[in-house]
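A.B. asks: The primary structure of each chain is shown beneath.
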Amino acid sequence: MSNHMNSETSGKWHPVCQVEEIPPLGGRTVRTCQMEIAVFRLSDGRIRAVHNSCPHKQGPLADGIVSGDTIICPMHAWKISLESGEVLPPDSGCVKTYSAKVEDGQVLLRL
Amino acid sequence: MSEKKKLVMIGNGMAGMRAIEEILEANPDMFDITIFGAEKYPNYNRIMLSPVLAGDTTIDDIILNDEQWYADNGITLHLGTRIKEIQRGYKKVIAEDGTETKYDNLIIATGSNPFMIPIPGHDKEGVMAFRDIDDCDAMLDAARKYKKAAVIGGGLLGLEAAKGLLHLGMDVTVIHDQATLMNMQLDSVAGEMLRVDLEEQGMKFKVSTLTTEVTGEDRVTGLKFKDGSTLACDLLIMAVGIRPNKQLAEESGLFCNRGIVVNDYMQTVTDPSIYSVGECAEHRGIAYGLVAPLFEQAKTLGHMITGQGLKAYGGSVVSTKLKISGVDVFSAGDFMGGPGADVVELMDRVGGVYKKMVLEDDRIKGVVMFGDTADGPTFFQWMQDGKDVSERRSALLFSASGLGDSGHSGIDQVSAMADETVVCGCNGVTKKQIVDVIVKEGLTSRKEITRCTKAAGSCGGCAGLVDQLLAATLGTAFVESTHEPICGCTDMDHEQLKVQIKNKHLTMVRETMNVLEWKGEGCHICRPAINYYIGMYWPTEAEDDRYSRVVNEKMHANIQKDGTYSVIPRVFGGNTDADYLIRLGEVAKKYDIQTIKITGGQRIGLYGVKKEDLVSVWRDLDMPSGFAYGKALRTVKTCVGSEWCRFGTQDSTTLGIRLEKIFDRSWYPAKTKLAASGCPRNCAEATIKDLGVVGVEGGWEIYVGGNGGVKVRAGDLLCMVKTDDEVVEITKAYLQHYRETGKHNERTAPWLERIGLEKIKRVVVDDPEGRKALIERMDLYLSTLTTDPWMDRLKDEKPSGEMTQFNEYTPIDIPVEVVNA
Ligand code: SRM
Ligand SMILES: Cc1cc2nc3c(=O)[nH]c(=O)nc-3n(C[C@H](O)[C@H](O)[C@H](O)COP(=O)(O)OP(=O)(O)OC[C@H]3O[C@@H](n4cnc5c(N)ncnc54)[C@H](O)[C@@H]3O)c2cc1C
Ligand code: SF4
Ligand code: FES
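For the record, the sequence lines run as chains A and B.
Going by this note's numbering, the first residue of the first sequence is number 49, and it counts up by one from there.
Going by this note's numbering, the first residue of the second sequence is number 48, and it counts up by one from there.
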């Protein structure tokens with residue numbers, strides 16, 4: 049399913065790092081020319097990427113706690129789906145998601 | 048895009064702000080909003096001023112919308128700014144400081160003014176009303192300096208004020224002109240029961256008494272009454288009613304009667320671009336003084352002004368509750384019942400319960416209840432619905448749910464409530480809405496329910512009902528014990544989890560969650576707890592799971608609001624030297640550290656360090672981590688002690704440094720702070736620490752369970768010892784006992800209150816064997832703490848600057864222009 053907040057259908061794939069460079073069940077900050085992206089390695093090995101800025105008060109999501117496919121913001125513990133980018137109730141809002149994939153151990157983001 | 052309309056609101060109180068919330072919900076983009084508030088605080092829960100005074104909550108906790116909220120919603124807020132004039136012709140308002148602001152729509156929400164009886168002397172110092180935070184502060188202040196208070200007015204507000212002053216240690220007399228307390232809300236029977244209850248709490252009364260004069264020079268020293276008697280007092284609260292604050296509106300030519308007259312859409316009848324809501328507004332002849340109707344008005348206003356269709360306000364029927372703990376009263380409608388009225392009554396003098404219902408054609412006209420008010424909301428709903436109660440007339444007052452379960456279990460009562468019954472009167476939240484969020488959102492606590500629905504968020508009177516609904520909805524497991532699951536990821540509570548970790552010998556977080564059938568992968572509450580417990584039980588085996596730690600503990604630095612970090616190295620016992628300071632200064636210069644602050648913990652913090660600079664800063668500092676970020680030993684504060692101080696009896700500095708070195712790097716259920724003072728003058732504030740020692744002639748007093756934070760608690764004297772070595776022993780045993788029996792995130796103050804000082808004494812002081820075992824376990828644990836976390840991270844760095852284990856400090860740079868950033 050696609051939604052208006054992600055980049056699934058546009059942009060080019062860019063190599064980022066090796067999978068092992070992202071801590072298991074953790075996150076890593078990736079800096080592009082204009083902004084930061086938080087890249088996560090989920091417990092089942094999937095890589096997910098979102099804008100590194102919580103919709104609440106811009107907390108750096110990369111430093112949060114990964115649980116399933118949810119990231120818990122380090123600042124005030126909002127929970128955000130890494131699949132849809134949507135903030136889970138009782139709070140609301142959304143962050144932009146970016147498509148991510150792994151090829152030959154290399155993490156790629158579509159930007 | 049067309050320009051936004053300008054909306055200005057005068058008055059930043061409960062009704063007005065609810066209207067703004069309703070407007071933002073209906074259409075967040077329609078208006079540019081500017082709000083003027085005469086008070087210097089953002090919107091707060093005025094209702095809760097009584098509990099603040101009674102010590103049940105704090106000012107911070109009653110702020111409803113903080114300044115950030117206004118900023119986040121793009122609202123311009125002028126605090127401490129009173130509007131002095133509305134120029135309707137120019138569509139602008141003028142503030143006392145001269146600022147002029149234009150509006151397309153204006154909302155007047157100026158609330159009301161307390162009425163001061165104009166008897167001689169009413170303007171003396173020490174005579175005041177109870178309306179806002181400043182009044183509350185003034186009362187708190189007066190209670191510190193003066194002893195005797197009088198309150199004129201035995202209504203809701205007067206009694207709540209009196210209760211607060213009583214709590215503050217004052218001798219309080221309530222003067223009431225009628226024979227019955229709360230005579231507007233209670234009949235004489237209930238009023239009398241109320242008086243007896245309050246007298247038992249220590250309140251004094253003078254009823255049927257008219258006050259004629261306030262005596263005293265500058266400040267009030269007493270009162271004179273019509274019957275010639277007098278009363279000495281040095282504080283006088285007048286709580287005899289309120290008057291709608293309509294002056295501003297009246298001066299600008301808006302039609303006013305008792306209040307500012309509005310139509311069913313909350314528009315002033317004079318000028319359709321101007322609305323009024325709250326206590327200042329008069330609707331169909333009534334100006335209300337309770338929040339429930341005002342919130343209904345706010346909803347109507349929100350609909351109307353945003354063009355969401357016409358939703359008329361038809362007026363409200365109100366019910367009353369008194370917010371004094373231990374005293375339950377409820378009333379609604381016409382409960383007096385004139386001559387010949389159809390009245391059903393229940394009176395249990397011994398049990399202290401009285402209920403009376405006035406009926407007309409078998410329909411409830413009014414009800415008054417004392418002692419057991421659980422059915423209040425149900426009766427209130429039936430009254431509004433016009434429900435025919437003929438079938439149950441005689442049994443009704445035992446319990447709304449019928450005979451057989453006559454009020455034994457609150458849960459039966461809430462189960463019997465109809466879905467539409469309004470549980471939270473202030474916010475108009477029904478039983479169904481609450482049950483729905485419990486079921487759909489999987490909520491397990493009242494706090495969460497308040498967050499989702501606002502229920503129990505205003506006067507808190509329905510908190511008990513909300514708890515019962517929780518219990519009824521989640522099943523009896525919820526009420527049978529004080530069982531509180533750690534979080535939504537498990538049904539276990541902390542004790543159950545600990546037992547499992549110990550018995551099943553669990554040493555890893557993920558393993559623990561698998562074995563104990565966690566729902567999902569855990570969260571920021573349960574995972575850090577598991578991580579702590581496995582480390583506590585299995586100090587030599589457990590694997591610390593960095594990714595189950597909250598950000599500060601994972602990074603070994605405190606995150607700041609802008610995403611940078613602070614670095615606070617240890618300064619053992621607050622004693623430093625020139626080299627240390629020079630090095631710190633050099634590093635601060637090199638990394639352009641913006642803020643260098645002496646912390647409240649006798650050490651120095653560097654603030655605003657970028658995440659990617661942390662490791663280099665630690666390298667250049669070459670100082671041990673101060674653990675200012677962890678549920679760990681924070682600081683051991685010391686005073687100069689007998690080394691230098693002319694009063695010092697013990698060498699507190701040496702002992703403090705020794706303690707900090709011994710317990711450095713150790714983790715606890717919650718942060719742990721120690722202190723050592725050289726004499727009872729206690730300059731190191733040792734009596735508000737988790738453990739503090741105070742030097743006395745010939746030894747040390749050891750205080751435990753102190754806290755200087757949110758809820759100040761003076762520590763209890765655990766024991767006295769003679770030597771430094773004994774202090775170390777007791778401290779080891781005490782802290783290990785806390786490590787083993789504390790719940791994650793529970794500091795020693797609540798822990799001590801839960802376990803009991805005597806019990807702790809028995810284990811730590813009276814039983815030498817038990818103490819020895821505790822010390823051995825503590826020593827074993829301390830022996831595992833061989834490395835400094837900052838140095839660990841330095842060692843992980845490869846010459847290329849890359850890190851393998853702790854690479855989350857280094858961002859990955861990719862020079863890409865993001866197309867749709
Ligand atoms: C830096 C410091 C303030 C300062 O500038 O002086 C400080 C800063 C913070 N304190 Fe504190 N506290 C500091 C001394 C205190 C003291 C005084 C003391 O230790 O003697 C207290 C009261 C004593 C006590 O704890 O009993 C104190 C009681 C709190 C509390 C309330 C704890 C409680 O049990 O009620 C919190 C909130 C919490 O822990 O949940 C808190 C939380 C915080 C946090 C960690 C809030 C947070 O989570 O971000 C602050 C981090 C600020 C930042 O941006 O890095 N801070 N804090 C002090 C650090 C001392 C140090 O060198 O380690
Ligand atoms: C101690 C106490 C306990 C209470 N307990 C309960 C209770 O249990 N249940 C219940 O339902 N109700 C209770 N109430 C009543 C309830 O608080 C009020 O009904 C409610 O706050 C009214 O809201 P409002 O917005 O109309 O007025 P307010 O909340 O008073 O707000 C009006 C604001 O407008 C400001 N203002 C006035 N004139 C100007 C001006 N010219 N320019 C700028 N600003 C101006 C005032 O400073 C004030 O901040 C209690 C009240 C008090 C004082
Ligand atoms: S440092 Fe402490 S008191 Fe100061 S703002 Fe932060 S938490 Fe509050
Ligand atoms: S900034 Fe993310 S929860 Fe507040």
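I should point out that these hints are in silico values taken from the structure, not numbers from a laboratory.
Incorrect hints may have been included.
Listed below are the simulated BS3-like cross-link pairs for lysine-lysine, each with C-alpha atoms no more than 30 Å apart in a straight line [said to hold, decoys possible]: (1) K608(B) to K105(A); (2) K127(A) to K708(B); (3) K149(B) to K139(B); (4) K127(A) to K494(B); (5) K105(A) to K708(B); (6) K718(B) to K105(A); (7) K105(A) to K253(B); (8) K636(B) to K144(A); (9) K127(A) to K273(B); (10) K566(B) to K144(A); (11) K105(A) to K53(B); (12) K253(B) to K127(A); (13) K144(A) to K806(B); (14) K105(A) to K139(B); (15) K144(A) to K487(B); (16) K105(A) to K487(B); (17) K636(B) to K657(B); (18) K657(B) to K105(A); (19) K718(B) to K127(A); (20) K127(A) to K608(B); (21) K149(A) to K51(B); (22) K127(A) to K566(B); (23) K144(A) to K718(B); (24) K149(A) to K845(B); (25) K60(A) to K636(B); (26) K139(B) to K127(A); (27) K105(A) to K51(B); (28) K566(B) to K149(A); (29) K253(B) to K273(B); (30) K144(A) to K608(B); (31) K708(B) to K566(B).
A.B. asks: Which of the stated hints cannot be reconciled with the structure, identified by number in ascending sequence?
C.D. replies: Checked against the structure, the hints that fail are numbers 2, 5, 7, 8, 9, 12, 13, 14, 21, 23, 25, 26, 31, while the rest are satisfied.
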